[in-house]
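Undergrad: One-letter residues, chain by chain:
There are 2 protein chains.
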Amino acid sequence: MPHLNSAQLAAFAAIVAGGSFEAAGRALHVTASAISQRLKALEDTLGQVLVVRGTPCRATAAGQLLLRHALQVSTLEEELRLRLGMHGAEPARPVRLPVAVNADSLDGWFVEAASACCAHGGIALDLRVEDQGHSAALLRDGEVMAAISASPAATQGCSVEYLGSMRYLALAAPAFCNRYFAAGVDAATLAEAPVLVYNAKDRMQWDFMAAHGGSPDEPPAHFVPSTRAFVELAEQGLGWGMIPEHLAQANVRSGALVEIVADRHIDVGLYWHRWQIASTPLATLSEAVRDAARRHLRAPA
Amino acid sequence: MPHLNSAQLAAFAAIVAGGSFEAAGRALHVTASAISQRLKALEDTLGQVLVVRGTPCRATAAGQLLLRHALQVSTLEEELRLRLGMHGAEPARPVRLPVAVNADSLDGWFVEAASACCAHGGIALDLRVEDQGHSAALLRDGEVMAAISASPAATQGCSVEYLGSMRYLALAAPAFCNRYFAAGVDAATLAEAPVLVYNAKDRMQWDFMAAHGGSPDEPPAHFVPSTRAFVELAEQGLGWGMIPEHLAQANVRSGALVEIVADRHIDVGLYWHRWQIASTPLATLSEAVRDAARRHLRAPA
Chain R
1 MPHLNSAQLA AFAAIVAGGS FEAAGRALHV TASAISQRLK ALEDTLGQVL VVRGTPCRAT
61 AAGQLLLRHA LQVSTLEEEL RLRLGMHGAE PARPVRLPVA VNADSLDGWF VEAASACCAH
121 GGIALDLRVE DQGHSAALLR DGEVMAAISA SPAATQGCSV EYLGSMRYLA LAAPAFCNRY
181 FAAGVDAATL AEAPVLVYNA KDRMQWDFMA AHGGSPDEPP AHFVPSTRAF VELAEQGLGW
241 GMIPEHLAQA NVRSGALVEI VADRHIDVGL YWHRWQIAST PLATLSEAVR DAARRHLRAP
301 A
Chain X
1 MPHLNSAQLA AFAAIVAGGS FEAAGRALHV TASAISQRLK ALEDTLGQVL VVRGTPCRAT
61 AAGQLLLRHA LQVSTLEEEL RLRLGMHGAE PARPVRLPVA VNADSLDGWF VEAASACCAH
121 GGIALDLRVE DQGHSAALLR DGEVMAAISA SPAATQGCSV EYLGSMRYLA LAAPAFCNRY
181 FAAGVDAATL AEAPVLVYNA KDRMQWDFMA AHGGSPDEPP AHFVPSTRAF VELAEQGLGW
241 GMIPEHLAQA NVRSGALVEI VADRHIDVGL YWHRWQIAST PLATLSEAVR DAARRHLRAP
301 A
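Chains R and X are the protein sequences, given in the same order. When you number the first sequence by our numbering, it's gap-free, plus one each residue, and the end is 301. When you number the second sequence by our numbering, it's gap-free, plus one each residue, and the end is 301.
Mixed in with the good hints there might be a few duds.
What follows is a list of derived Cβ distance ranges for each label pair [said to hold, decoys possible]:
| # | chain 1 | residue 1 | chain 2 | residue 2 | range |
| --- | --- | --- | --- | --- | --- |
| 1 | X | Q156 | R | T280 | 50 to 60 Å |
| 2 | R | H69 | X | E22 | 44 to 54 Å |
| 3 | X | R294 | R | A299 | 46 to 56 Å |
| 4 | R | H246 | X | R58 | 13 to 23 Å |
| 5 | X | A262 | R | A183 | 53 to 63 Å |
| 6 | X | Q48 | R | R295 | 33 to 43 Å |
| 7 | X | A34 | R | V49 | 33 to 43 Å |
| 8 | X | E218 | R | V49 | 43 to 53 Å |
| 9 | X | T60 | R | N5 | 52 to 62 Å |
| 10 | R | K40 | X | T45 | 40 to 50 Å |
| 11 | X | A34 | R | A41 | 49 to 59 Å |
These aren't lab readings, by the way, just hints derived from the structure by calculation. Backbone N, C-alpha and C define an ideal beta-carbon position, used for all residues, glycine too.
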């Protein structure tokens, strides 16, 4: 197969990244119609429909294979330029590193890894917030090159290593505990006490409830998809919820949040998944992630 | 048309909310197979496919109309019970209020509104983080009953009111400014300076660049979809970015972040969209939103 046309590949990748032909045109400084022609030509070359035209536009199964291929090729090309010392010759474009991170890590220890990794320039981080179920698909489809996830299951073509575990505490405001848990934490009180939940996929609160008196009826639940608002609303007494210890340190120390049951936490292991591909920027990020994890996550018991 | 079977409606709504038959089964304490049978019966009654079976499961166009209908009916029923004083008779289930909020509001002034609205119980907030483009579709499809958005365009069946405006400052660490903007902020320096961007839909940084020396080539960009990590990475010198003033107050006061150009902010008007439907909980939330907006957002010039 001859090498694919790089302008066409760029148009295709920009459509998927931006969600529309117009966004792709803006990103590449050409018209939406030029984008459309390039995509059509690429689809003709490969004999496959690559994009589902919709709102937003998405890659088809064939498109996802191509996306992964394109990202791998450009990573290898960057590596080649780096090893050939070519970055001096032309103005260096930073290498884009798309990475999936779970929200509690992104708002916590991962910031240190991101900062260390980018300290020397040459890397443009493209972070996505995803839960572990979805990040495996992103790795497989080539939308990200690495992911932090609670799942130890390796994705094809990727390596996986254990980073440490994040401790979740069941926290609430003291006034909330007095009101709802004066009689203790059991099936009956848990069924009445409002609970804070990150989103529909967040089962952590239910895991905690299951461990404390069977399966209560669904308590009143507030869905708050922001770690910052989650902690603040817990402090204001809207509900109890499972919060990573590093996000609530100050609140626990000041007494604004207390454990609803002393010393009954849930530890969640985190894993670093990355493509098995020679890439200096990816190696730099992996090292920074390992370092930050060593300092901020708990080692296995 | 006879009234629709409420167990079937609940199964349908739970599939869309949870994304799978299994999640719906867990939420309603029945098997996935029972969920599947109820959905099938509802689809037979209406003569329409309601759910696209996929990962995740999604409502079809017909399903979205039904979803909005179901939420409106249950809101009216709640209102009826409230007015009939029926909440005393049976244990009160809190009224679910699904609301779309932009990330910068959720991590800022909206917390106060949420807290005030829920202070008296009876309301379960179901918050979604959405940009303004998407929240119109969520209102139309009945997935949310209200939304905070930067768009003044009313959605059919909804009222819209102006809340005030949020001021965005172009901020960076002092060392970053010394390194990249010592020669001033213009097309040439903006093309070189790394920029922080919330996600692919966030055009705020480009708006600012367009106002300061034409359209530079795309600078190196880090995508950081968390307001908390965004502010921290700006502070650590990874890039400059547009940050709402209320999220950066402490950092600006301490000198950890400075404006890259003095007094050149962007003000974004925010609007409250809500269904025109009689609902005491929705009215309570609207009042709390208005109050908090009055205290924290800027009045029109």
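Undergrad: For every hint, state whether the structure bears it out.
TA: Evaluation of the provided hints:
| no. | hint | verdict |
| --- | --- | --- |
| 1 | X:Q156 - R:T280: 50 to 60 Å | 53 Å, holds |
| 2 | R:H69 - X:E22: 44 to 54 Å | 33 Å, violated |
| 3 | X:R294 - R:A299: 46 to 56 Å | 49 Å, holds |
| 4 | R:H246 - X:R58: 13 to 23 Å | 35 Å, violated |
| 5 | X:A262 - R:A183: 53 to 63 Å | 58 Å, holds |
| 6 | X:Q48 - R:R295: 33 to 43 Å | 55 Å, violated |
| 7 | X:A34 - R:V49: 33 to 43 Å | 38 Å, holds |
| 8 | X:E218 - R:V49: 43 to 53 Å | 28 Å, violated |
| 9 | X:T60 - R:N5: 52 to 62 Å | 37 Å, violated |
| 10 | R:K40 - X:T45: 40 to 50 Å | 43 Å, holds |
| 11 | X:A34 - R:A41: 49 to 59 Å | 50 Å, holds |
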